[in-house]
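Just so you know, the protein sequences line up as chains U and W, in that order. Counting from 1, one number per residue, gives the positions in the first sequence under the numbering used here. Counting from 1001, one number per residue, gives the positions in the second sequence under the numbering used here.
Since the hints were derived computationally from the structure, they do not count as laboratory data. Any given hint could be a false lead.
As the list claims (entries may be wrong) - Pair ranges (Cβ atoms, derived):
hint, chain 1, residue 1, chain 2, residue 2, range
1, W, 1006, U, 116, 54 to 64 Å
2, U, 85, W, 1039, 56 to 66 Å
3, W, 1038, U, 12, 48 to 58 Å
4, W, 1149, U, 68, 17 to 27 Å
5, W, 1030, U, 113, 26 to 36 Å
6, W, 1030, U, 32, 37 to 47 Å
7, W, 1038, U, 115, 14 to 24 Å
8, U, 57, W, 1026, 34 to 44 Å
9, W, 1148, U, 70, 17 to 27 Å
Unchecked claim - No farther apart than 30 Å at their CA atoms in a straight line, the calculated lysine-lysine pairs in the DSSO-like style are these:
hint, chain 1, residue 1, chain 2, residue 2
10, W, 1060, W, 1070
11, U, 59, W, 1023
12, W, 1070, U, 101
13, W, 1016, U, 59
14, U, 101, U, 59
15, W, 1138, U, 105
The beta carbon of each residue, even a glycine, is placed where N, CA and C say it ideally should be.
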Amino acid sequence: MTVEQRDVYLFPPTHDSGLEHHPFIVLSTKEANEYEGTFVAVMITSSSVYKDDLSFDLKDEMFENPLPKKSSHARMHLITLCIKDYIKGARINKMKPVYFKQLMKSIGDLVFNYDFTPLN
Amino acid sequence: MLSIPLYDTFLQRQYKDAARETKRIRAAIRFDFQFVTRFLLKRAVNKINIFLPTQLIESKGLLSDIESKKDALSGLDLSETIDSVNRIINLNISLKQILSELADHLHPKFKVNTWDPILEETIDSLYSTLRILKRQNKKTRIETSSLALESSRCSLTSLQTASYDRRTT
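Build out the structure end to end from the sequences listed, making use of the hints.
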């Protein structure tokens, strides 16, 4: 399976966790993902408990398919290294480029204090 | 500098304008190209052609004002203003989707002028405003969440698996 930037996958919790699977948006490029079978992704949740200034609101229109849960948001600081082999099922969605750019800009600005503007 | 209540008033008005135009265009495309609908559609498209550049200029103006005065905003409770900007962004994202669906079916004489780059630029300005507000917003300290702990564990497990090709936890 090829994991590409902007793809959305379900990723399982670790073995000792009571949390259900969460969708993740892939942030890293295909080339980086293929290098060691890992990818970097940001966690999506629909929990209102964890909604704050580090949340990036997600809407159906930002994706190729509607989101399974309303009021979803990406937790911009929860960026995780994932293993491709642990992905649950097939790709569930893909973020549109114009909104992915805004997500990356927000992560760069609010989490890293860096300009994450794409090169092309 | 505009005060926070003035920003909020300005944003409320901007939201109302965007909501009105979105409603108008939705209503016009609900019926399928009868005479009356064509008239409504033409009117809605004319209105949107005026509204979109105006909204862009207003969004740029707001961003410029907030950017130049951001130090004065630091530490204030900007949550309401952040919510207002988020609402306008969401509305513009919906409007962009409606117009992209409409564009394929529109007769050339109903054309919405350069709506896509204008809306993208507007959305970009609004997100820039949002980021400044979030950076300056009063921070409250919270406990490490279960999501954060889980995310950290996932990273550790992945790193160990990638490094040693086996799970070590």
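Results of checking the hints against the structure:
1. 1006/W to 116/U: 54 to 64 Å: 32 Å, violated
2. 85/U to 1039/W: 56 to 66 Å: With Cβ atoms ~59 Å apart, the hint holds.
3. 1038/W to 12/U: 48 to 58 Å: 53 Å, holds
4. 1149/W to 68/U: 17 to 27 Å: Once the Cβ atoms are compared, 24 Å apart, the range 17 to 27 Å for residue 68/U and residue 1149/W holds.
5. 1030/W to 113/U: 26 to 36 Å: 46 Å, violated
6. 1030/W to 32/U: 37 to 47 Å: Since residue 1030/W and residue 32/U have Cβ atoms about 46 Å apart, the given range 37 to 47 Å holds.
7. 1038/W to 115/U: 14 to 24 Å: Since the Cβ atoms of residue 1038/W and residue 115/U sit about 46 Å apart, the hinted range of 14 to 24 Å is violated.
8. 57/U to 1026/W: 34 to 44 Å: For residue 1026/W against residue 57/U, whose Cβ atoms are near 21 Å apart, the range 34 to 44 Å is violated.
9. 1148/W to 70/U: 17 to 27 Å: With Cβ atoms ~23 Å apart, the hint holds.
10. 1060/W to 1070/W: 15 Å, holds
11. 59/U to 1023/W: Measuring from Cα to Cα gives roughly 18 Å; hence the hint holds.
12. 1070/W to 101/U: 23 Å, holds
13. 1016/W to 59/U: Within the cut-off at roughly 20 Å; holds.
14. 101/U to 59/U: Roughly 15 Å separates the two Cα atoms, so the pair holds.
15. 1138/W to 105/U: 21 Å, holds
Checked against the numbered hints given earlier, this structure breaks hints 1, 5, 7, 8; the rest are met.
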